[in-house]
Amino acid sequence: MLTAAIVAILVTMLLALIRTFLGPTEYDRMLGANSFGTKTVLLIALAGYVLQWNSYLDVALLYALLNFVGTIAVMRFFEYRNALEERDDPGSTV
Amino acid sequence: MTAILELLSAICLLLGSVLCVTGGVGLLRMPDFFSRVHASGVTETLATPLLLMGLALQMEWSLDLVKVAMILILVLATNPTATHAMAKATLHGGQRPLVFDDVKDTGGEGSSKP
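If you read the sequences in order, they're chains U and X. Sequential numbering from 1 applies to the first sequence in my numbering. Sequential numbering from 1 applies to the second sequence in my numbering.
Bound-form chain X, shown alone (with noise of 0.2 Å):
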């Protein structure tokens, strides 16, 4: 039983570390803000979760357990809200997404066309 909880441990945390990193590049390398919001977003919402369940499969039963839950719950519930801000507040900032002009461009096109 230890055994498998290990492994299942092991696999959570390099399941996350992976996703954790990639987020970092992500964040680092994409063009434009809101590719920026995408990479980091969506991997730190993965990433958090698996990251402490692998530390919760290796605790004891205590307290401890509880708060990483809740720690899991708030990041799971705060961290997409505070993306969906930040992506709100830069659009409403005046910046476009790099293909945007594009779409509205068409779209215009297509709308003054009939």
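With the rest of the complex left out, here is chain U (with noise of 0.2 Å):
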């Protein structure tokens, strides 16, 4: 069953990365971006443990914290830089 859960997470991974490639805006990439660590932190945890690896439990805890604080960080600086773009043009009101 842990093999099945694997194979089920390697194919959304799949999903995510061509929306990831495919989105037609920035929003839509940072989405499939995030979701696809989202599904690499629970990949590290399974597999790790079906293969016995060592110490992969921390690994996949960093990553979570990494993905959360990449997106953050991604997401603040698109709205930031579109709201000092909306700022520069004089017609436009937010």
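The hints are simulated quantities; they were obtained by calculation from the structure and are not laboratory data. Backbone N, C-alpha and C define an ideal beta-carbon position, used for all residues, glycine too. Everything hinted at is true.
Computed Cβ-Cβ distance ranges for the label pairs, DEER-style:
1) X:Leu-8 <-> U:Leu-22: 31 to 39 Å
2) X:His-92 <-> U:Met-1: 40 to 48 Å
3) X:Arg-96 <-> U:Met-1: 37 to 45 Å
4) X:Leu-63 <-> U:Val-50: 16 to 24 Å
5) U:Val-11 <-> X:Thr-2: 28 to 36 Å
6) U:Leu-66 <-> X:Met-59: 19 to 27 Å
7) U:Arg-29 <-> X:Ser-62: 35 to 43 Å
8) X:Leu-15 <-> U:Val-50: 16 to 24 Å
Covered stretches of chain X (chain U as the covering partner; in silico rule of three or more C-beta atoms under 8 Å from a C-beta of chain U):
9) 53-63
10) 74-82
Using the hints, put the two chains back together into the complex; each one sits in its own frame.
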């Protein structure tokens, strides 16, 4: 059953990767990358248990933290960049 | 006792796998960014605890179990936050949901009529 779960996670990672490459806007790409990162945490946890790696859960924990901080940072960047562009345009009101 | 734990673990892993693939298909097939956020965020928030609980039910009592619980709590706390931040940044970036214009138009007419 763990193997089936790993296969399901891999299929989901493939779908998220397709959305990341295909996405029309940068937000779609970031959403796909965030989903891919969360699935990577799950994959490390499950595959590490099946294959009996050493200290795999520490890697999964670190990856979860990095994924969250990276997503928040990139989204802050996009938000403020768009706000600055709108402020430069005198006709628009936010 | 072991058989019950394995059955519970199998149920958790199966439900989590189905939710995982559902979220992936929704992420790929939905027409709009906000519906994609919905499909991805909702299923991830439920599929991750299910898969991690299915893993934790198969492990022995050790420090690794605490680490799995830490990952679970961390993902449960950060995943909705990241999804919310993405949706907010997209809304501030100028994108609108597909049905947003209709709602805004009827609201504008309703507010301008009286």
